[in-house]
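Visitor: Take a look at the letters that make up each chain.
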Amino acid sequence: KMPEVSEVMTKADIKPKSMHRAKIWSDDVENLYRFQQAGYRDEVEYKQVKQVDEVECWPETGFVKKLQRRDNTFYYYNRQRECEDKDVRKVKVYVY
Amino acid sequence: VRGPPPAGSVKQRPAKHTAFRKFYERGDFPIAVQHECVGNKIAWKVEIENLDYHYFLPLFFDGLCETEFPYEFFARQGVHDLLEHGGNKILPVVPQLIIPIKNALNLRNRQVLCTTLKVIQHLVVSAEMVGEALVPYYRQILPVLSIFKHMNGEL
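Chains as they are written, first to last, in full-length UniProt numbering: chain A, 1 to 96; chain B, 1 to 155.
In short, the hints are calculated from the structure, not lab data. Certain hints may be false.
Claimed, not checked - Calculated cross-link-like contacts (lysine-lysine; reagent style DSS-like; alpha-carbon spacing at most 27 angstroms):
{"id": "1", "chain 1": "A", "residue 1": "Lys50", "chain 2": "B", "residue 2": "Lys41"}
{"id": "2", "chain 1": "A", "residue 1": "Lys47", "chain 2": "B", "residue 2": "Lys41"}
{"id": "3", "chain 1": "A", "residue 1": "Lys90", "chain 2": "A", "residue 2": "Lys50"}
{"id": "4", "chain 1": "A", "residue 1": "Lys15", "chain 2": "A", "residue 2": "Lys92"}
{"id": "5", "chain 1": "A", "residue 1": "Lys66", "chain 2": "B", "residue 2": "Lys118"}
{"id": "6", "chain 1": "B", "residue 1": "Lys102", "chain 2": "B", "residue 2": "Lys16"}
{"id": "7", "chain 1": "A", "residue 1": "Lys23", "chain 2": "A", "residue 2": "Lys86"}
{"id": "8", "chain 1": "A", "residue 1": "Lys92", "chain 2": "B", "residue 2": "Lys118"}
{"id": "9", "chain 1": "B", "residue 1": "Lys41", "chain 2": "B", "residue 2": "Lys22"}
{"id": "10", "chain 1": "A", "residue 1": "Lys90", "chain 2": "B", "residue 2": "Lys41"}
{"id": "11", "chain 1": "A", "residue 1": "Lys65", "chain 2": "B", "residue 2": "Lys41"}
{"id": "12", "chain 1": "B", "residue 1": "Lys45", "chain 2": "A", "residue 2": "Lys50"}
{"id": "13", "chain 1": "B", "residue 1": "Lys118", "chain 2": "A", "residue 2": "Lys65"}
{"id": "14", "chain 1": "B", "residue 1": "Lys149", "chain 2": "B", "residue 2": "Lys11"}
{"id": "15", "chain 1": "A", "residue 1": "Lys92", "chain 2": "A", "residue 2": "Lys17"}
{"id": "16", "chain 1": "A", "residue 1": "Lys86", "chain 2": "B", "residue 2": "Lys11"}
{"id": "17", "chain 1": "B", "residue 1": "Lys22", "chain 2": "B", "residue 2": "Lys118"}
{"id": "18", "chain 1": "B", "residue 1": "Lys118", "chain 2": "B", "residue 2": "Lys89"}
{"id": "19", "chain 1": "B", "residue 1": "Lys89", "chain 2": "A", "residue 2": "Lys86"}
{"id": "20", "chain 1": "A", "residue 1": "Lys92", "chain 2": "A", "residue 2": "Lys47"}
{"id": "21", "chain 1": "A", "residue 1": "Lys23", "chain 2": "A", "residue 2": "Lys65"}
{"id": "22", "chain 1": "A", "residue 1": "Lys47", "chain 2": "A", "residue 2": "Lys15"}
{"id": "23", "chain 1": "B", "residue 1": "Lys22", "chain 2": "B", "residue 2": "Lys45"}
{"id": "24", "chain 1": "B", "residue 1": "Lys149", "chain 2": "B", "residue 2": "Lys102"}
{"id": "25", "chain 1": "B", "residue 1": "Lys11", "chain 2": "A", "residue 2": "Lys66"}
{"id": "26", "chain 1": "B", "residue 1": "Lys22", "chain 2": "B", "residue 2": "Lys89"}
{"id": "27", "chain 1": "B", "residue 1": "Lys102", "chain 2": "A", "residue 2": "Lys65"}
{"id": "28", "chain 1": "B", "residue 1": "Lys45", "chain 2": "A", "residue 2": "Lys47"}
{"id": "29", "chain 1": "A", "residue 1": "Lys47", "chain 2": "A", "residue 2": "Lys65"}
{"id": "30", "chain 1": "B", "residue 1": "Lys45", "chain 2": "A", "residue 2": "Lys65"}
{"id": "31", "chain 1": "A", "residue 1": "Lys15", "chain 2": "A", "residue 2": "Lys65"}
{"id": "32", "chain 1": "A", "residue 1": "Lys50", "chain 2": "A", "residue 2": "Lys92"}
{"id": "33", "chain 1": "A", "residue 1": "Lys66", "chain 2": "B", "residue 2": "Lys45"}
{"id": "34", "chain 1": "B", "residue 1": "Lys41", "chain 2": "A", "residue 2": "Lys66"}
{"id": "35", "chain 1": "B", "residue 1": "Lys11", "chain 2": "B", "residue 2": "Lys89"}
{"id": "36", "chain 1": "A", "residue 1": "Lys23", "chain 2": "B", "residue 2": "Lys41"}
{"id": "37", "chain 1": "B", "residue 1": "Lys11", "chain 2": "B", "residue 2": "Lys41"}
{"id": "38", "chain 1": "B", "residue 1": "Lys22", "chain 2": "B", "residue 2": "Lys149"}
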């Protein structure tokens, strides 16, 4: 049990060092937008909180398809782009 | 000699309360609205993959007749999510969707017409053979669309 506890502690300690706002849209910005809509910083935090190895994505575009929020409800996202140009500036990009 | 009085074919009909509204107010739907700063999105309490499409999809289609918030929003967005993630569960349910579609079109409400047309577009691309499955029901769906076919850009 001790190694499991220490592993969980290590994962929970991964925190970003800095943050800046996205300036132009890209696939990564689109996925960050989707994670932040669901209440997470990014894929790293989602995997930490939900204890999953993989995130369900659309095979055609690679965009996030489904996320489980902290209240255990599910958000479903479109195959195509959802983050409009006016929302790009609101997307936070974290650097580890 | 006067001409015949107008038949009222393009006149909007009053909408009745739908089964969708009753079920929503009873809390039977596994959905909740989340107000985020970047726009409204529908949150599902149950995974869509586990939903019984024979039960839920016709109910959500029934909600297309609604024009008030939040019923109109939940119905439209719910239909979108169900069609987007339904896969092969959609085709067997197509016959049960015809009456809700017909009811929505029969309202002759411009907003409902536009929404229903977009839903039909999404329906036919959502899964294989759905377009072909709609062919036997053209005689029920197309007459109302024919009434409005001359209104290009006015809807």
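Visitor: Please flag the earlier hints that this structure goes against, numbers listed from lowest up.
Guide: 8, 16, 19, 25, 27, 35, 37 and 38
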